[in-house]
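There are 2 protein chains.
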Amino acid sequence: MIGRLNHVAIAVPDLEAAVAQYRNGLGAKVTEATDQPDHGVTVVFIELPNTKIELLYPLGENSPIRNFLEKNPSGGIHHICYEVDDILAARDKLKAEGARVLGDGEPKIGAHNKPVLFLHPKDFFGTLIELEQC
Amino acid sequence: MIGRLNHVAIAVPDLEAAVAQYRNGLGAKVTEATDQPDHGVTVVFIELPNTKIELLYPLGENSPIRNFLEKNPSGGIHHICYEVDDILAARDKLKAEGARVLGDGEPKIGAHNKPVLFLHPKDFFGTLIELEQC
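Order-wise, the sequence lines are chains A and B. Those letters in the first sequence? Residues 1 to 134, by this note's numbering. Those letters in the second sequence? Residues 1 to 134, by this note's numbering.
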């Protein structure tokens, strides 16, 4: 069912410092920062040959990563995203296996303008998983 | 400098349950468990089209992930691994930029029989980074 690893998302408390470390220290290809007000984050992509890293920085008062950074003030890996062909079929299969889907269980349009769902980290050994229909 | 994302490593407190969830819930291709006594872990690979996930379970009293699981009893993402062409050049560049290399700074032979180094998570926004020469 799951396909490619679409991205690893890392929440950071200082976006400029993180960009500098990835660009200068790790020599990675880093995009310009993009505000995504609908998702409450400013995002920078680290483009790797086979996948990407998303550096997330909170945007606005209701940013979904604000709580995470309060609990993890240095930052940390926030979630990983797997691609699926059919997000409704994936959801139904997961629910049948007893996994919990966050929110109301209906896919939302994610940061890449594709339908996404998040799975409860307690059902996946402490890992917040995003599924994205690609 | 950094190339492909080689893997994402997730420490889990119950390897059988994690394998079942990845195989049955997420429909992923999961390998047989392999003991790696030199590294203090039992490993299962989740093979994705573009990279892999490594599920890590402690093996032996001195397992390097035992402390992590004490702090994160549900499990969690332990580290991510980037490939580099030349690990000594990568190390020297990172040290010149002020990043700390764990241990004595000399590459060790990692779980894939290739030279690896780990970078201090405090210098990478809470993310433990492994570099593997490929």
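Treat the hints as calculated values from the structure; they're not laboratory data. Among the hints, a few may not be true.
[Unchecked claim] Sample of chain A residues with no beta-carbon within 10 Å of chain B, all distances over it, derived:
{"#": "1", "residue": "Pro49"}
{"#": "2", "residue": "Thr51"}
{"#": "3", "residue": "Asn67"}
{"#": "4", "residue": "Glu97"}
[To be verified] Below, in silico cross-link-like pairs of lysine-lysine (DSBU-like), each with a Cα-Cα straight-line distance of 35 Å or less:
{"#": "5", "chain 1": "A", "residue 1": "Lys29", "chain 2": "A", "residue 2": "Lys52"}
{"#": "6", "chain 1": "B", "residue 1": "Lys122", "chain 2": "A", "residue 2": "Lys29"}
{"#": "7", "chain 1": "B", "residue 1": "Lys93", "chain 2": "A", "residue 2": "Lys122"}
{"#": "8", "chain 1": "A", "residue 1": "Lys122", "chain 2": "A", "residue 2": "Lys52"}
{"#": "9", "chain 1": "A", "residue 1": "Lys71", "chain 2": "A", "residue 2": "Lys95"}
{"#": "10", "chain 1": "A", "residue 1": "Lys122", "chain 2": "B", "residue 2": "Lys52"}
{"#": "11", "chain 1": "B", "residue 1": "Lys108", "chain 2": "A", "residue 2": "Lys108"}
{"#": "12", "chain 1": "A", "residue 1": "Lys122", "chain 2": "B", "residue 2": "Lys29"}
{"#": "13", "chain 1": "B", "residue 1": "Lys52", "chain 2": "B", "residue 2": "Lys95"}
{"#": "14", "chain 1": "B", "residue 1": "Lys95", "chain 2": "A", "residue 2": "Lys29"}
{"#": "15", "chain 1": "A", "residue 1": "Lys114", "chain 2": "B", "residue 2": "Lys95"}
A quick note: this is a predicted structure, and the numbers were derived from the prediction, not measured. Don't be surprised by glycine CBs; every beta carbon is placed ideally from N, CA and C.
These are the hints, each one checked on the structure:
Proline 49(A), annotated as away from the interface, has a beta carbon of chain B within 10 Å; the closest lies near 5 Å. Threonine 51(A), annotated as away from the interface, has a beta carbon of chain B within 10 Å; the closest lies near 5 Å. The beta carbon of asparagine 67(A) is kept farther than 10 Å from every beta carbon of chain B, the shortest such distance being approximately 15 Å. Under the 10 Å C-beta cut-off, the non-interface status given to glutamate 97(A) relative to chain B is violated; the minimum distance is some 4 Å.
Simply put, lysine 29(A) and lysine 52(A) have alpha-carbon atoms about 10 Å apart, close enough for the 35 Å limit, and the pair holds. A C-alpha spacing of about 21 Å is found between lysine 122(B) and lysine 29(A), which places the hinted pair at or below 35 Å, so the restraint holds. Under the criterion of a C-alpha separation no larger than 35 Å, the hint pairing lysine 93(B) with lysine 122(A) is inconsistent with the structure, at around 39 Å. The suggested pairing of lysine 122(A) with lysine 52(A) holds, with an alpha-carbon distance near 25 Å, which does not exceed 35 Å.
Restraint check for lysine 71(A) and lysine 95(A): the C-alpha separation of about 29 Å stays at or below 35 Å, so the hint holds. The straight-line distance between the Cα atoms of lysine 122(A) and lysine 52(B) is roughly 21 Å, inside the 35 Å bound, and the hint therefore holds. Restraint check for lysine 108(B) and lysine 108(A): the C-alpha separation of about 44 Å exceeds 35 Å, so the hint is violated. Between the alpha carbons of lysine 122(A) and lysine 29(B) the distance comes to roughly 21 Å, so the proposed pair stays at or under 35 Å and holds.
Of the supplied pair hints, the one linking lysine 52(B) and lysine 95(B) holds, its CA atoms being roughly 28 Å apart against a limit of 35 Å. Our distance criterion of 35 Å between C-alpha atoms is met by lysine 95(B) and lysine 29(A), whose separation comes to about 19 Å. Between the alpha carbons of lysine 114(A) and lysine 95(B) the distance comes to roughly 40 Å, so the proposed pair goes past 35 Å and is violated.
Consistency with the previously given hints fails for numbers 1, 2, 4, 7, 11 and 15, ordered from lowest to highest.
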